[in-house]
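Peer 1: All chains should be modelled from the sequences, with the hints used to inform the complete structure.
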Amino acid sequence: MAGLAGRPDGERTTVSAPAIAPAPDRPHRPSDRQRAFAERTLGTVQRRRIVNAVMLSLLFLAAIAATLPLLFILFHLMRLGITSLTPAFFTKMPRPVGEAGGGMANAIVGTLILIGAASAIGLPIGVGAGLYLAERRGARLANAVRYLSDVLNGLPSIVMGIFAWQFLVRPVGHFSALAGAVALGAMMIPMLTRTTEEMVRLVPVALREAALALGYSKWRTSLTIVVRTAGPGIVTGALVAMARIAGETAPLLFTVLGNQFWSVSLAEPIAALPLQIFEYAKSPYEEWHALAWAGALVLISLILVIGVAARFATRQRFGAHGD
Amino acid sequence: MSAASAGPQRSQVLATPKAAVGQTHPGTITADDFSFWYGKVQALHKVSLLIPPRSVTALVGPSGCGKSTFLRSINRLNDVIPGVRTDGLLLLDNTDIYASRVDVVALRQRVGMVFQRWNPFPKSIYDNVAYGPRINGTRDGATLDEIVEQSLRRAALWDEAKDRLRASALTLSGGQQQRLCIARALANNPEVLLLDEPASALDPIATQRVEELLYELKAELTIVIVTHNLQQAARVSNHAAFFYLGHLVEAGITEQLFTSPREQRTEAYLTGRFG
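Protein chains in written order, with the numbering used here: chain A, 3 to 325; chain B, 4 to 278.
To be clear, the hints were calculated from the coordinates, so they are not data collected in a lab. Possibly wrong hints are sitting among the right ones.
Said to hold, decoys possible - Straight-line C-alpha distance at most 20 Å; calculated SDA-like pairs for lysine to any residue:
1) Lys284/A - Glu101/A
2) Lys43/B - Gly140/A
3) Lys126/B - Pro234/A
4) Lys220/A - Tyr101/B
Claimed, not checked - A partial selection of chain A residues facing chain B, derived with a Cβ cut-off under 7 Å:
5) Ala208
6) Leu209
7) Ala212
8) Ala215
9) Leu216
10) Gly217
11) Tyr218
12) Ser219
13) Thr223
Everything numeric in this text was worked out from a predicted model, so none of it was measured. Using N, Cα and C, we set each Cβ at its ideal position, and we do this for glycine too.
Peer 2: Below is the structure:
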């Protein structure tokens with residue numbers, strides 16, 4: 003580097019410039035080799051274009067196929083269930099076989115109660131555990147909890163039902179809504195733990211440090227800044243978890259049992275949409291089948307509504323237009 | 004306030020911290036053989052330094068020299084990192100910062116901090132500034148209004164922000180956001196303000212505004228600034244300390260340190276031979 007400046011000018015006089023520039027009197031004409039190369043590459047370009055188009059259409063088909071089951075189910079449910087979806091379906095109780103009319107008012111309310119009670123159990127534990135995992139990233143306990151909640155997340159729901167039956171139904175001597183809520187709440191916990199942890203991890207360290215530097219204690223920083231910033235994500239996770247347990251049937255079979263009558267007590271067996279659908283669908287009666295379809299339609303609508311709410315929650319970020 | 008006339012213009016205070024203990028003005032930071040470890044890695048080796056109040060002290064040195072570690076030791080923000088360990092003394096007004104009975108939360112309210120990358124909370128401008136006072140128990144709306152206005156004025160942001168206090172802080176420009184962070188730190192009414200390369204991500208005009216701000220703020224605060232920019236250190240600071248490989252090499256009045264450094268390593272760094 004330093005040598006360059008010291009070199010006398012005379013040494014670097016004519017750098018073979020004329021050899022590089024084409025002779026002005028001779029127009030540029032590609033050689034045979036150049037022409038062959040151009041043809042070859044043109045062929046590859048065309049082939050690439052075709053391959054690209056094929057792959058893109060395959061991906062497009064896959065994307066369409068991914069939504070097909072839902073669209074098909076919705077269409078099918080609409081076709082079979084919409085006729086039974088009268089106001090009476092939402093307000094009336096189930097009627098005995100042979101009597102016309104009747105609804106699933108008790109099952110709809112029962113499902114809402116179950117979701118509420120399960121959330122009351124699952125939300126605080128799940129979010130709290132998620133916060134712990136995020137704050138104590140590398141701790142041995144955190145690693146163990148993270149692994150176990152992944153396992154729990156994959157646990158078949160029927161196993162959760164048997165577990166709840168063993169510990170909450172058998173000792174008490176009868177089925178109850180509470181046992182079902184515990185089973186569903188336990189299913190929510192691992193989902194919430196992992197979403198909360200992921201969301202909190204996305205909160206920039208700079209924000210956390212800013213709060214600490216202003217004299218916020220650690221837990222307070224967690225609860226205000228971190229949860230506030232990660233809030234929309236956590237809310238989304240919570241809604242998704244609710245949507246997932248809303249349709250669970252297997253754990254309810256062992257715990258909630260179902261109820262043909264009106265009951266809102268947590269200590270009693272309670273009706274639930276998935277159970278009612280299950281009961282009606284396996285019955286031999288046509289009108290019950292129709293009601294089962296309508297029940298399925300209501301259940302899926304409920305889940306869709308929760309899903310839309312989740313979308314809305316993610317969009318409600320304060321000052322999202324910055325940066 | 005009578006102490007204001009006896010401004011810290013003596014260079015020897017930096018050299019002999021032990022002698023100064025017990026007769027300092029409020030807001031004095033004293034390090035005496037202060038060492039710092041991240042796990043097994045020693046980041047600071049027996050640093051002895053006196054940082055006088057009502058002046059700007061610049062910590063300079065190449066990357067990884069420990070200047071940021073030293074800065075973050077003053078408000079114990081390093082505590083968040085697992086496995087850190089300290090030795091020696093670090094005093095704020097004769098109080099041992101690392102004594103076990105020290106309330107870290109109270110300490111951080113006395114020692115404000117501004118970071119390299121501005122980090123306003125995703126809240127309104129008003130809420131950002133009111134964040135600190137609220138945790139201190141100030142709930143009264145009128146008092147909060149007053150603190151917010153005063154802090155924004157001190158950070159020279161009031162005129163730009165007064166009509167949009169309820170707007171998101173993230174709608175401000177980078178330089179404004181950094182001044183908002185200074186206002187947020189000032190709202191706690193700290194005695195010490197730590198700045199970790201506050202202008203390194205700002206454009207020249209915004210940098211100039213922040214530097215002017217420091218010039219005004221040093222009348223009432225102890226300001227410690229870490230900077231990579233030697234010109235900036237020369238412009239804004241009264242005192243400067245040169246760190247190298249975790250050692251404090253030299254400290255003194257900025258002018259003297261920059262024009263006639265005693266240590267060869269200081270001179271080599273200042274003239275751009277390394278770093």
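Peer 1: Decide, hint by hint, whether the structure agrees.
Peer 2: Tested hints:
For the proposed pair Lys284/A and Glu101/A, the alpha carbon gap of about 18 Å is at most 20 Å, so the pair holds. With a CA separation close to 18 Å, the supplied pair Lys43/B and Gly140/A stays within the 20 Å bound. Taken as a hint, the Lys126/B and Pro234/A pair is honoured in the structure, with Cα atoms around 14 Å apart against an allowance of 20 Å. The suggested pairing of Lys220/A with Tyr101/B holds, with an alpha-carbon distance near 17 Å, which does not exceed 20 Å.
Given the 7 Å rule on beta carbons, the hint for Ala208/A holds: about 4 Å separates it from the nearest Cβ of chain B. The criterion of a C-beta within 7 Å of any C-beta in chain B is met by Leu209/A, whose closest approach is roughly 6 Å, and the hint holds. The criterion of a C-beta within 7 Å of any C-beta in chain B is met by Ala212/A, whose closest approach is roughly 5 Å, and the hint holds. Hint status for Ala215/A: holds, given a least beta-carbon distance of 4 Å to chain B, under 7 Å.
At about 4 Å, the closest approach between the beta carbon of Leu216/A and any beta carbon in chain B falls short of 7 Å, and the interface hint on this residue holds. A distance limit of 7 Å between C-beta atoms decides the matter here; for Gly217/A the minimum to chain B is near 4 Å, and the interface restraint holds. Interface hint status for Tyr218/A: upheld, as the beta-carbon distance to the closest one in chain B is roughly 6 Å, under 7 Å. The beta carbon of Ser219/A is positioned within 7 Å of a beta carbon in chain B (closest approach about 5 Å), and the interface hint is therefore held.
Evaluation of the Thr223/A hint against chain B yields a violated restraint, the C-beta minimum of about 10 Å exceeding 7 Å.
Comparing the model with each numbered hint stated earlier shows that hint 13 is the single one that does not hold.
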